[in-house]
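My request is simple: use the sequences and hints to build the entire structure.
Chains as they are written, first to last, in UniProt numbering: chain G, 1 to 279; chain V, 1 to 279; chain E, 1 to 279; chain B, 1 to 279.
These are calculated hints, taken from the structure and not from any lab test. A portion of the hints provided could be inaccurate.
Chain copies aren't distinguished; within one or between two, either way the pair holds.
[Said to hold, decoys possible] Lysine to any residue pairs mimicking SDA-like chemistry, simulated, CA-CA at most 20 Å apart:
hint, residue 1, residue 2
1, LYS148, HIS84
2, LYS9, ILE79
3, LYS148, TYR160
4, LYS132, THR155
5, LYS132, LEU162
6, LYS148, SER159
7, LYS148, ILE217
8, LYS148, LEU158
9, LYS148, SER241
Being a predicted model, the structure only gives us computed values, none of them experimental.
Number of protein chains: 4
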Amino acid sequence: MSEQEGKSKFQRFIYIVIFGADTKLGKLFDIGLFIAILISVVVVMLESVSTISEKYHGVLYTIEWIITILFTLEYILRIWASEHKKKYIFSFFGLIDFFSILPTYLELFVSGAAAFAILRAVRLLRIFRVLKLVQFIGEASNLLRSLKASMNKITVFLSYVLISCTIIGATMYVIEGADSGFTSIPRSVYWAVVTLTTVGYGDISPVTPLGQFLAMILMILGYGVIAVPTGLVTADIVRQSQNQDARKLLRTCKGCATEIINPEAQYCHRCGKSLSDKK
Amino acid sequence: MSEQEGKSKFQRFIYIVIFGADTKLGKLFDIGLFIAILISVVVVMLESVSTISEKYHGVLYTIEWIITILFTLEYILRIWASEHKKKYIFSFFGLIDFFSILPTYLELFVSGAAAFAILRAVRLLRIFRVLKLVQFIGEASNLLRSLKASMNKITVFLSYVLISCTIIGATMYVIEGADSGFTSIPRSVYWAVVTLTTVGYGDISPVTPLGQFLAMILMILGYGVIAVPTGLVTADIVRQSQNQDARKLLRTCKGCATEIINPEAQYCHRCGKSLSDKK
Amino acid sequence: MSEQEGKSKFQRFIYIVIFGADTKLGKLFDIGLFIAILISVVVVMLESVSTISEKYHGVLYTIEWIITILFTLEYILRIWASEHKKKYIFSFFGLIDFFSILPTYLELFVSGAAAFAILRAVRLLRIFRVLKLVQFIGEASNLLRSLKASMNKITVFLSYVLISCTIIGATMYVIEGADSGFTSIPRSVYWAVVTLTTVGYGDISPVTPLGQFLAMILMILGYGVIAVPTGLVTADIVRQSQNQDARKLLRTCKGCATEIINPEAQYCHRCGKSLSDKK
Amino acid sequence: MSEQEGKSKFQRFIYIVIFGADTKLGKLFDIGLFIAILISVVVVMLESVSTISEKYHGVLYTIEWIITILFTLEYILRIWASEHKKKYIFSFFGLIDFFSILPTYLELFVSGAAAFAILRAVRLLRIFRVLKLVQFIGEASNLLRSLKASMNKITVFLSYVLISCTIIGATMYVIEGADSGFTSIPRSVYWAVVTLTTVGYGDISPVTPLGQFLAMILMILGYGVIAVPTGLVTADIVRQSQNQDARKLLRTCKGCATEIINPEAQYCHRCGKSLSDKK
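Structural data, given as structure tokens:
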């Protein structure tokens, strides 16, 4: 039983180190993990560059295996240490952890260059693990919250954009035709999106005067309309930050628990108790 | 007469199902319509891709006819169910509904590839019918309202942009000349718009040092000036959302109907009646 | 003397019609002027398109002369009607008015295609006269005011951008070299501006991995930094519009001329006089 | 000792002239320095243009040496005049001052075109000295402060952007393959950054329908997501400017030093003293 208890204590200690970032060891673990992920991502990227992968194949292969074994150990530890094992395994990060070690083992059994390339690219999913660490930074949740708050509006806005691009793309398909590169409606819609978002590759561009005129209108509209989602998101963030500011100024009366909005008040306007902390 | 009444009841029922989205059947109808529109749009797009339309011509043709017949039935039902038939037929969506079924029938009588392509593209107008469904989402009206509120300012801004582009385009036409692709003033204005809106296809780009210098100034100006419409729209949206917030905090005295702005007030500042709801 | 007086009255009448936009005739005159300017701009543009100017040379030539004579008459009337003639002649719009009729007359004496092209382009300055009409729209002054208010900040921001582009351009010149199109530092700075402003023509683009890496950093920085001028301008506009709102709510006590900020107040907080208008 | 004192006085005078901008001489010095820097930067740029450097080599060489000698004198004066010599020498601007005169002297001993080009480019670091002068403009610090305040958020945002670009780049590498120009994962990530930031060179662009579809999603996402950093920065700036406004309205009671927030108050709400300045 004491063995059991000891195991349990050790388990909790491992849990705090691996999953938390409040202890010194936990922070060290996170930094080590961060470096391992970065190295692993760089290795995957370099392997895809033919000149490098031919020259340093041995080195990259070795590093890849060392990191995969480290990640496998970490994965096993995470399962062992967590109380709700199933919940961890099937959580977003649990699946990422699993799929980021799987490809290296699979490569032992797989043959064929195409399948190889895909497996290697899959290993890049490891980069999502960085998000696990980013979570500890307070700003991240703020950012996500303001994105979520405006998600509805942005979705509606983007559906308008998509509808406009479809109609304009189809019009350009009729006006310009296959000779200018507008070979089909999907391709023309692709052009319209490339133009409206101001990316402008130039792989397809209008040639006829009428097409160029229509393109000009599309561009100027895009230039004027981009302001709308920006305005919506900004207004949301301004409101949020003002609410936070207002909340910081709020004091609560110790006598009657009323919220005191007036920052000049010295006595509660409800029960008359003094608001100063010194007394 | 009872038959008349029965018809009238049935008519109103159909009206609620087709035009509304509050009943269960109405929602189901809208979802079905949405799917039909999407399928129809995809079919039109795929037909324009030569490799696909050659292979699956029969399938696409069949789906197109099924959807057209469904849309025709819906169109007839809409006319029959609506009380002010003329008003519906000549409304924006009435015309869209009509023109989205017309091309398929016309194709039976029309010959010639060009006319064919145009007719097929016209069928894409069906995508506007999605807007009918988007209307039910509350955010859409918010978005449109904030766009409309800033429309005046954006128009003035865009006319400044157009005037600048004309002058700069003409200058580039003089500086660069036909050898660099600036073959005419309209084409140079097209280039200026492509540059100022940061689309930058690269189909025309300055070659002479003086031209590149002018282009740099244009780009940097465009970079600094884009902030203005964004600022105008954002300010409008911020003001709107603040007004909404302020309106939410407002309470109305039940005694004298005065608007109570001070959120701390417990008694009406005009008639002295208590503002708490509990009492 | 009565003749003198009659002339003076007629002069003032002409002045109001030409320079103002408050009377019916004044508005009609402005609309006519607007149409004449647009026609004139379109004619200049079309003349530069070789296929059109060859075919319709006679027509364009005739329209150009009719409009030039009309503009000349207008110019003479403006000088005659204005009290401070010198002030008008040397004002911005006076000079524009002069230089927009000059080229057509000069073309009679000038020979040589290049000088011709320049003279024709100069006629496009007429488009600035549209601004004279835009002035009457209230929004324009608002827009200009908010641009001016942020001009200082935007200038400082743009000088930072230019300094960054110079340093980055020089670095790319060293890294990429003449083979990738980075033939000189000015050209590399041009590339840096094209990239940072997200125009991205693609006429010059990095080829070496190191150059592409640096370009990536430049792009992501540009993506993050564009937010700053937008933020500055927006903050200015938000502040302006809030001040305007606040000013609308302000009432002034009729007894002691104190500004009443509290919108709920019924009596002046200084002299006790009732603020209601009804009494 | 009087000599020592005289030297000390002269030293302080030089210090005020060189480092300050409050005296007339100090301003003159700054303007002269600004012009010298600009000339020097232009000379470096022109030297890199082969056609110009061949023609005017002698002139550029002479100007370069005159400016370098002036800068050397200034550098020596700066060291001599500053009290904490080491602090100045190893400060950011001290190092810039040193490295902006070094290359010209080094060129006397160095041979080889590549090393030459680099040395010449290094001289462009002089442009950073302009920042020393920009510092005196009040707006600059405002701009930097608002950038710093949002730095955290922007960093988190940009790391999200980078992670997305990596994943999307790898996916495109698998989908498009080497034939479309996506020859390696780093190159594909480069493409993803070029696209998401809406630069869009067009040196690499998707060719397969699936790749174009993915690119469209990436572009539309980028279009919607750019709003977030703008919103964050704007909200920060709005808050800052509102705080500044609020601080301007604040008055302090002369009797008890309480901050008076209510702009309508005539008597201190704490000690009852009159707030009017006239009395």
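Do the hints match the structure? See the list:
1. LYS148 x HIS84: Neither way: LYS148 and HIS84 sit 28 Å apart in one copy and 42 Å across, limit 20 Å.
2. LYS9 x ILE79: within (16 Å within a copy, 63 Å between copies)
3. LYS148 x TYR160: both (19 Å within a copy, 15 Å between copies)
4. LYS132 x THR155: between (26 Å within a copy, 16 Å between copies)
5. LYS132 x LEU162: between (33 Å within a copy, 15 Å between copies)
6. LYS148 x SER159: both (17 Å within a copy, 18 Å between copies)
7. LYS148 x ILE217: between (32 Å within a copy, 18 Å between copies)
8. LYS148 x LEU158: both (15 Å within a copy, 17 Å between copies)
9. LYS148 x SER241: So LYS148 and SER241 pass the 20 Å test inside a copy (15 Å) and across (17 Å) alike.
The structure does not agree with numbered hint 1 stated previously, though it agrees with all others.
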